[in-house]
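Undergrad: Given chain A's structure and the hints, the job is docking chain B onto it.
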Amino acid sequence: MSACDELSEQPRTSPTRHANRLQGRVNAIVLALAICLSALLALNGCTAMRGPSWRLTSRRDELDILQKYFDPRVIDKYNNKYNEADKRAFRDEVINGQVHVIDLNYADFVHSLSEDSSTVNLGTDIILLAFNSASMVATAATPKTILTSISAGIAGTKTSVDKNYFYEKTMPALISQMSAARKAVLVTIRRGLMLPTDEYSLAQALIDTDGYYEAGTLLSAIADITEASGATAAALDDELRELTARYQLDLPGRLLRRFCKPDGSRIDPANQAMLRKWMSNNGVANVSTSLFIYGDKYSDARARAVHDLHLNE
Amino acid sequence: MERTETLTYVPDNALADVVSDFESDGAMVVTTRQPDGNWTVVAYFSTMPPETK
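Chains as they are written, first to last, in my numbering: chain A, 1 to 313; chain B, 1001 to 1053.
One chain only, chain A, in its complex shape (with noise of 0.2 Å):
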């Protein structure tokens, strides 16, 4: 038998079966890596499930014994109280009371956006996605269908990935600002529980419970944020438009001015350009090119500028 024979012996594969037999492998390979995965998850979603241990009753029974602070009789029950003593005992037991139910539903709250369940969320979203991987390569009939269906698995991995890395960045800030605000709200109900009926009645005190809720909501530490960082940019623009520098015209002074007005009375544009480029790559764009000039306040960015631009030679 000739090498030629030999050659034509062996058997011929059809480009289905390549296909089937690469269908085949990744399938394996997909399904592989999503039974590891969810084993992963097991074991993760275990640490994210686990709460706490030491309580001795459950959340749902505590919740219903402090429900009747929440009744809205209580108003009535505390106008009916004749006296000082009565009325600010029940006051500030209903209080007491709402600021502990806030406080545990609080609680579950901050736990349930805690890193754990972050985690869990990308695990599920990435063994969904290589279930549907998965699903889509085991119906597949052509390779370039298979390496789409992977390609589609990665990207959405991918896209998982990114939402996650930015909830878990994001929530910590959160979590401290609602925290601030809650600590702020709490100190006014404690001053106000030390004062007399008719100084802080449960009225006002109820407003402020509702006040100490809402500090612990995600919108309210969103706005706050919001707010601090426009405050912040307000201060910063009226830095901005209003600077304030004692005259001081040493050596670069004179030179900048000499190159800005060769004469001494007329401005070359072309040089004041070149000068107010140069201030704009050193963090001084927001300074007129005479104050600048005479300012104390940047005599050595002015003896930088004259460096760069040489002027002293």
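Heads up, a few of these hints could be off.
Here are the simulated distance ranges between beta carbons [said to hold, decoys possible]:
(1) B:Thr1032 to A:Arg191: 46 to 52 Å
(2) A:Met194 to B:Pro1035: 50 to 56 Å
(3) B:Ser1046 to A:Ser112: 34 to 40 Å
I should point out that these hints are in silico values taken from the structure, not numbers from a laboratory. It should be emphasised that the depicted structure is a prediction, and the values quoted were computed from it without experimental measurement. Positions of the beta carbon are idealized from the N, C-alpha and C atoms, including for glycine.
TA: This is chain B only, laid out in the frame that chain A set:
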């Protein structure tokens, strides 16, 4: 956006140059004599400098 720049302790002999330079930058300038004899120059600009617009 309107903004102001204030230069304090400008001596007599530099006042004309300082005022002229601020006006060349497009400002409306107001000068005030300080108790120590120097000048305070306040330049009012109607816009930000060119590179920050």
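Undergrad: Compare the structure with each hint and give your call.
TA: So, going through the hints one by one against the coordinates:
Separated by about 48 Å at the C-beta atoms, Thr1032 of chain B and Arg191 of chain A satisfy the suggested range of 46 to 52 Å. In this structure, Met194 of chain A and Pro1035 of chain B meet the distance hint of 50 to 56 Å, their C-beta atoms being roughly 52 Å apart. The given range of 34 to 40 Å is broken by Ser1046 of chain B and Ser112 of chain A, whose C-beta atoms sit roughly 53 Å from each other.
This entry does not satisfy hint 3, going by the numbered hints stated previously; all others are met.
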